[in-house]
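Read off the chains here:
2 protein chains.
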Amino acid sequence: MKNVEIITIGTEVLIGQVIDTNSAWLGEKLQIAGLNINRKTSIVDTPELIISTLQKAFEENDIIITTGGLGLTKDDITKNSIAKWLNKNLVYHEPSVEHLHSFYKKRNREVNELVLKMALIVEGSEGFVNPVGASPGMMIPLPNNKYLFCFPGVPNEMKALFETYVFDKLKKLSERHTEHFHLYLTGITESQATALLSDFENSLPDYISIAYLPSYKLLRMRLDLNVNNENQEAIQFFKTKCQEMADLLKDYIISYDQETLEQVVSRLLKEKNKTLAIAESCTGGNLVGSLVKISGISQVLKGGIVAYSNQIKTQLLKVSEKILSNHGAVSEPCALEMAKEIRKLFQSDIAISTTGIAGPDGGSEQKPVGTVCIALVTQNFEFVKTYQLGNNPREIFIDRVIAIALENLRRLLLGIQLQKN
Amino acid sequence: MKNVEIITIGTEVLIGQVIDTNSAWLGEKLQIAGLNINRKTSIVDTPELIISTLQKAFEENDIIITTGGLGLTKDDITKNSIAKWLNKNLVYHEPSVEHLHSFYKKRNREVNELVLKMALIVEGSEGFVNPVGASPGMMIPLPNNKYLFCFPGVPNEMKALFETYVFDKLKKLSERHTEHFHLYLTGITESQATALLSDFENSLPDYISIAYLPSYKLLRMRLDLNVNNENQEAIQFFKTKCQEMADLLKDYIISYDQETLEQVVSRLLKEKNKTLAIAESCTGGNLVGSLVKISGISQVLKGGIVAYSNQIKTQLLKVSEKILSNHGAVSEPCALEMAKEIRKLFQSDIAISTTGIAGPDGGSEQKPVGTVCIALVTQNFEFVKTYQLGNNPREIFIDRVIAIALENLRRLLLGIQLQKN
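These protein sequence lines are chains A and B, in that order. Residue 158 in the numbering used here sits at position 158 of the first sequence, with consecutive numbering throughout. Residue 405 in the numbering used here sits at position 405 of the second sequence, with consecutive numbering throughout.
Only chain A is shown next, with the shape it has when bound in the complex:
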């Protein structure tokens, strides 16, 4: 397999000014292209360090990717350093010169000599017009069939250039045949999945590997095939293994198409033509807010009430004083009343409610921090359940409650039994 090194140029990443999200994104794409990433280096922008880092990367790798340092401030010295390293000149990339003129005109800004410097590329390289920004990207051939690719540091510019021009080139350069099987799961942790797949993982040949990409809401998994060439026997075997993995994980799979929980639920609501309303206490608007981030949700989402104070629970959501005094606001009867009332109030087909103790204060022995009651109701169905999520930072607690509520909504829409714990 061919080796790649990613080099991030600029102080911002080193001193914590920005979090380097580019490298993680690139890392995943490079792996999918069939390349091997051995090292990622972030350096400050001095010519000496850029040149020595490029030289070392060239000696040990087949492909080098740099991000950063292609803009117009005095810190942007990536191109000059590369030209010095390779003993080449910088030349204007005419399509990018034209692009800069129209790009600046649209924004009513003047193109001066400083701006035009952005259109310079290393002599002998292939320039790529930036689809969403000003600075072009570059592909520079190096000795021994090696290549250097350069991108701006701004994430959306790097991503647009990579996807428009570079991914297919890298897939070809890798000279590998790769296939990928994506699974998105809920209700299972990374370590539970690792344990469940232990025998399966041991049965894999070295050209098939598993990747785990966990978050608080979702476990993304990928089975990767990476072989020398289009070997039909290996491809067939990979298909068998994909099926085997899907069978082992079948109780937890929510999507084979890289859909998030929010996207799956939004799609199912539309497919089944059902409307939704949400009454939130502990999640405080973040449950409905997570759905609002999905474009087109307005067709099925009527809205919600954030009943953070008990006053709103009794007045607007008609939770009886008796329930509050006998059971408390964090109780299954309260959650059920909240869901039933908001369904009536908003005239929706389905309603969800959440009430819990996010912490750090407010817990008791009976109801420790991390206790949450979640209810889901329709015209002829009622479900309510108490979950214990343990002591977490508020944001993680909220994310986990959202994940359980949406997973139960997904199951309700599919007619599957809801989560018992």
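To be clear, the hints were calculated from the coordinates, so they are not data collected in a lab. Be aware that one or more of the hints could be misleading.
You can't tell identical chains apart in this list, so a pair holds if it fits in one copy or across any two.
Using 25 Å as the maximum straight-line C-alpha spacing, the simulated SDA-like pairs for lysine to any residue come out as follows [claimed, not checked]:
(1) 106 x 389
(2) 159 x 215
(3) 217 x 399
(4) 106 x 362
(5) 272 x 256
Assemble the complex: chain A is given as a structure, and chain B must be docked to it using the hints.
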């Protein structure tokens, strides 16, 4: 100044399984400690690569920090590689052995030989008991008064170990005197601040520097003093410069104490004993949701209504059909009605409303994507204003609306004029 290199060990970061938030956090802390970060390297976990990377880092730097590879799986080879590099043995760190027993007992899990391996540290090093996890951290003296610090890769464990044991040691090792002046700002972009501070920045001696740490909600800025020793003249001059910078930016400063906008608003509501209710359309629960993430907000936040559909706007928030047909849901009259009605309904002192076009669809020539109307009302005050935020991804649009709404609330609470654009 002393040089540091951060080395991240493990494939997770390289193949995009996790985003490396540790390095950005460490980068900021190291700068505050008065150290100079030249390079950050992420490598896969092979002993050869770990050893060659450590050797190079040792040759070029004074302090090395590693994260990752201290757990109990077969991939966790950081300690063994370091021992091999330094030709030393691994020995049990007795306080961590004890800690592991109590840590596992609390979780009803057995301590076996494999688990105990986590308590091994490099001979001659200082071990640090992990305050929130299992694996200890280490400080290993190297030749020529250099040091190697090792942390687990899990962010909250790395941070707890760093703050409990290591930050003060590094501050001492840096042999520099550092001071820091923090400003949190809203209503100004990084490039606007750069332009505003251009002369100021040019007037700074090389021992004083500015750091910009932007996000969509907030611009964090820091002025740093970094001198050889406690030089009273430099400290006095730094104080003058802090005052000068604060004066230049005074219209935008929301906090000198590293408080976020949500924290400032939450504190002010409590101080002024005012309650809040929020009616949201385009932000869909994310405005109230951003406040709910602040612990203790329940004292002042009554809750909100997410009126995503027009039906809810008319029925629950009493927006007249006439306003909707004459002006539309994204209009100042609609925003004003929403805010007035939720204040009545929730019996709050203050109410905020948002209604806008998040996109990508739903825009028109008159009301393009990115148009938002925000209203704030009290018993005897009404404010409503339309803002044009341009075409952004939904999440960025939502964050920017939240920032404007909360900034206006802050100004209202302080009796300052609200934002005109």
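Which hints, by number, does the structure contradict? No numbers; nothing is violated.
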